[in-house]
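> Combine the two chains into a complex, taking the hints into account.
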Amino acid sequence: MKSDPDFYDYWPYEGRPRIEWPGGARIAFWVAPNIEFYELNPPTNPHRKAWPQPYPATQGYSIRDYGNRVGHVRQMEVLDRYGVRGSVSLSTALCDHHPELIAMCAERNWEFFSHGIYNTRYTYGMSEEQERDMIRDAMASIHRHTGQQCAGYLAPALSHSELTLDLFAEVGTELFGDNGGFYTCDLFHDDQPTPIRLRSDKRFVSIPYSLEMNDTIAYVVNRVEPRRYGQMLKDNFDRLYAEGADSGTVMCIPTHNYQVSCPHRLKAFEEALEYITGHADVWVTTGREIAQHFIERHYDASLRDIAAREAGA
Amino acid sequence: MTLDREHLEYPRRRYGMDHERYDWSLLSQRRPVHWPDGKSLALWINVGLQFFPLNQRGKPFGVPGGMTMPYPDLRHYSLRDYGNRVGIYRLLNAFDKFKIRASFAFSTELAERIPYLLDRIVARGDEILCHGWNMDSLHYGGMDEREEGELVARAVGRLRELSGQAVRGWLSPARNESERTPELLAANGIEYFCDWVNDDMPFEFRTGNGPLIAMPLSNELEDYFILVNNLHSEQSWLEQVCDAADFLLAEARSSGCGRILALNIHPWLMGQPHRIGVLEQALAYISGLDGVWSAHAGSICTSWREQQD
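Those sequence lines, one after another, are chains A and B.
Going by my numbering, 68 is the number at position 68 of the first sequence; the sequence numbering is gapless.
Position in the second sequence (from 1) plus 1000 gives the number in my numbering.
So that you can see chain B by itself, here it is in the shape it has in the complex (with noise of 0.2 Å):
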């Protein structure tokens, strides 16, 4: 039994990361970044306005929160249109009872199926970020080139067209990206993108095509992960979030750096009767903390970029 010598070979065995996407830095020894009127923690919110076509190709994989049972699985297609007939106005009055702004990330045929959705996130002037063409076009490695350039093309200008916005900000569905996803956004106009959680504030991320903003988009706080992933209870999820509110706040303040939390949430999940309770308890919670910036991800991105150099 041998292994082939490769196993034995590192050739990325060297200072720094083992690729070129990025520098290693460490989150303790960067400059200080300070948010608008002395605030230390951006509070970003991010809404995933979702759609799941009943005919999922699940190709390479069934994405999460996708369609599970034999074709038509109208149990997951109508619970997730549930979310943007019903849980999303739930989550709208909450934003507005606590003053907060979120950003909406939208699968585009979302937007094209539904402008009445789309129109009220504008009328708000709420940001809006392109969460690729819809949940079952995922983006992943070895995937036909011109296939690819051509759904971040349609996904990226079509969500352009619908809303009026600028549309800087990615979201990939399932934070999938193949290994060319990075230069197609950089190509197609976007400035930052949300699928990478390796640090709690934005870096600049290398790409063929010019670089982007890796924004801190949690996944392990994100509604899925802790309610669906996890099964923890939504007492739970309440307790996580205004922990890691606390402890974001502390460490801004003891390090001088401001902090982000993000909170990724999802109107089929948080939206519901059980638990918008908790998500409006989170919102009174972190909105009553002193110090905090509740901000759109484009205007935490613009204020981070204003400060490097």
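One chain only, chain A, in its complex shape (with noise of 0.2 Å):
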């Protein structure tokens, strides 16, 4: 085990080279739904059991379920009412499970990007190739569904091994060469992108995902009411919004469709999406949209300010 992960350098949230993003927006602006299938009996991965309580877990089960059959359309009539494309993290199973969600994203063109198999299948324990043949798995069940060249990452039920983004990026170049694979969503140090260091040198980056705007963490771990949720977003984006006028910020609002979509939390999601839409010089976009430009546009000089800082100039 390592006492740093060694992804990134350290590099301060002050001079660093200006992000200038399409349109000369201040922010880029994205949603990400989870779509997620969770087992209702997987077989129980030796470091985490999937459910509390002995099969069957009614409950954890069901209000996921309820995601699926009753929420989906409704977060997905809301993002259509303020011209949000989803960027969805998907458990890729679900492409066989419950193609009508696959094709109504596909159809409003929404992105996909890897959640791994099924949310309740975790990293730990996997060998390397056993980790390599799950991500290889669920970015072919996207490109077989949907035709999309998965491009991003975020590990299932956000379990990971040394290894993950290493892999995540080779599996990708070998099935998609630069098209695929090129960025993740697990890392949570920034409120920009930033350039990942990988054993295979590829053009890999974080985007910011954030946990604290995350529905699951505010509703289930921080037990926030709706409307202080609702706050915490407009709170986020005005200060995201402010800091863009001088270099470009990246603001996410990770969904879950059993959280956001209920009939008591839809109101404050909608107010905030409202709210965010509402301003100019918002670059409303998706993950793999976003990575893109930062390495087409930003990635060299920022590798070059990162390398300049740790020489010390």
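Relax, there's no trap hidden among the hints.
Not everything, but these chain A residues come out facing chain B in the computed CB check (under 8 Å):
| id | residue |
| --- | --- |
| 1 | Val70 |
| 2 | Asp96 |
| 3 | His98 |
| 4 | Gly125 |
| 5 | Pro263 |
From the derived model, a few chain A residues whose C-beta atoms are all more than 12 Å from chain B:
| id | residue |
| --- | --- |
| 6 | Asp9 |
| 7 | Gly83 |
| 8 | Asn109 |
| 9 | Phe188 |
| 10 | Leu198 |
| 11 | Leu211 |
| 12 | Lys234 |
| 13 | Asn236 |
| 14 | Val282 |
| 15 | Ile306 |
| 16 | Ala307 |
| 17 | Glu310 |
| 18 | Ala311 |
Pairwise CB distance ranges (calculated):
| id | chain 1 | residue 1 | chain 2 | residue 2 | range |
| --- | --- | --- | --- | --- | --- |
| 19 | A | Ala140 | B | Arg1154 | 52 to 58 Å |
| 20 | B | Ser1233 | A | Tyr275 | 19 to 25 Å |
| 21 | A | Met104 | B | Ala1284 | 36 to 42 Å |
Since the hints were made in silico from the structure, they are not lab data.
For each residue, glycine too, the CB sits at the ideal point set by N, CA and C.
Below you can see the structure in the form of structure tokens.
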């Protein structure tokens, strides 16, 4: 085990090269709906249990199923209203289970990125070959069902190994060359995209995804009231929007169709979306488009700046 | 480091669900359901009337809301009892004031212990559901089959005798089930159960003894979840309930499909002097909306069922 994952060098949030978003926008805004499938009776991973109670875990299973049966369409309609294309963090087995949801998202030109096969299968304990196979299976499923070359990763249930990002980038290259496997949502160290150091030297970036704005973290872990969540989203936006006047920032709202789409919570989310998209100079976009733009326009300058600071320049 | 092969095998990766209990179905693609008299939103209030034994075994876990202190946990025992002595009568007055029809899920042992309360509910003509034997008699995976069979038969059978009602509905303590609970409910003549929270409308649930109807009793809007689990304010509970009512009514109108607002409440929580006021405000708000049908769970279930084929 390492004391530091060694993905990036320290890079203070001051004096960085200016990030310019398309159209002179101050902030890149994206929404990442997690569309997940939790199994009712998965094999038990030796390092983490999927459900707290013995089979059948009716409560945990059924509220997540609610998201797919009921919540997804509600959230999609709200996103449609504000012109937001979702960047879907996908349990890729859902392509087989619920192709109707995939078709609706594909019709809207939403992005699909990999969130593993099932959210009840964890990376813990996998050999390198097993993890590589799982990552390839997920990316190939997205391609087979949607034609998209998967660019991004959020590890299933945020379960990682030391090699997760390396393997994702390498499988992306194997399958799609430079068009696949080039960004991650697994790291929470910054409000701007940052280059990530991998063993393959691939141009690979971390895109801010935000645990703090994640509806499940807010509602389940931090147990915030719906209206406070709406206010947190607006406050988060206000500050990043203001700072974006100097150098482009990124705001992400990671959502779950069984949280944000409940009848007593959708209003708070909708009001925040209305507020955010009601501003000028907001680039409403997807994870892939942010990563691509950064890699094309800002990646090299960022690396140079980081290297210069490391050298004490 | 390697996992066993089964961790990368997915035998149930296929169209639909990963089990046989019910079919995959998008709410937005169901056939429309219309409530009586052209109403759009059915209001289902479920009141849990529960007995939490002082000598809780906690098998296989301590029930939420149950005893947490070393025996004898008088504080939690008596505060739950408060609901059945004091709080419930505040609730009944509130229902009467706003002409709300509520359904009551009884621990059968409570019905046996407090005939006055049972008779009072029966005399109102309100529906009684079975909420298990008591709150410490949990149904759970791996439970002895014969023990559970006896428990369901006793809970349902005795509540029918005591109440004189058919007792069509069931709510498991802590909504926990064993792998066989649905089979046992169907075998005991239960028509609908309220444990699964995967829908906003009823749906058919398969058992080895014929189908049950799964009725959507929201856990997310429950008083216990919002006030105790999440520690939200009373004001926030009120906002959440009113927002849900607005949303579901609007969705019912725009989709042309009836919807259900299901509120699960407990007299030991909402019957407190500092909370009854927000319950009254919620009932005033909802009953003031145009198109609301306040009904017993069984009536909603019957109306839904009659429109299925």
